[in-house]
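Enquirer: Note that the sequence shown covers residues 14 to 152 in my numbering.
Treat the hints as calculated values from the structure; they're not laboratory data.
Just to be clear, a hint being listed does not mean it is correct.
Below are the DMTMM-like pairs computed for lysine to aspartate or glutamate, each with C-alpha atoms no more than 20 angstroms apart in a straight line [unchecked claim]: (1) 37 / 77; (2) 92 / 121; (3) 102 / 130.
Bear in mind the structure is a predicted one, so any value in this text is a computation, not a measurement.
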Amino acid sequence: ILMYFQHFLHLLLSLLLSSERTNKMRYLLLFAIQIYWKIIPASKRKQCIFRESCSHYVWRITAEEGFIQGIKAFLFRNKHCCPGYAIYKYQNNYELKTINGLILKEEEIDKRLLTPDNPTLIDFDSPDVLSKHKLKIRI
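Kindly produce the complete structure, drawing on both the sequences and the hints.
Expert: Put into structure tokens, the structure is as follows:
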């Protein structure tokens, strides 16, 4: 479904010729997101690493800033909301680093990922962090 949505967005981008069309495209993109929300139940959607889900983020940016910014928001989230990340806890602050190098602060990370039993969490506040994660210190 994501592939069809990406194809749909590329088609929409090719139609951008005037501000009138851009405004129409804004509503078409918002409509496409609403269709996505209605067709795919929340329980079946990909779990987002961001606190504000990708579709809600794109919806908000598109509604507030227009079609072009909405497409940029979609492309940004599509690039960075991917598998492969690590969560670090240091001095009671969390950070998430994606494989693409993006670093998210605690307020941007989905709360379900900020639990002590999360296997991707590296807790530098923990006294056994080196042995637990098989980390070695090189001097």
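Enquirer: If a hint holds in the structure, say so; if it doesn't, say that too.
Expert: Results for each hint:
In summary, the hint linking residue 37 to residue 77 is supported, as the alpha carbons are separated by about 14 angstroms, within the 20 angstroms threshold. Under the criterion of a C-alpha separation no larger than 20 angstroms, the hint pairing residue 92 with residue 121 is consistent with the structure, at around 16 angstroms. For the hint pairing residue 102 with residue 130, the CA-to-CA distance comes to about 13 angstroms; that is within 20 angstroms, so the pair holds.
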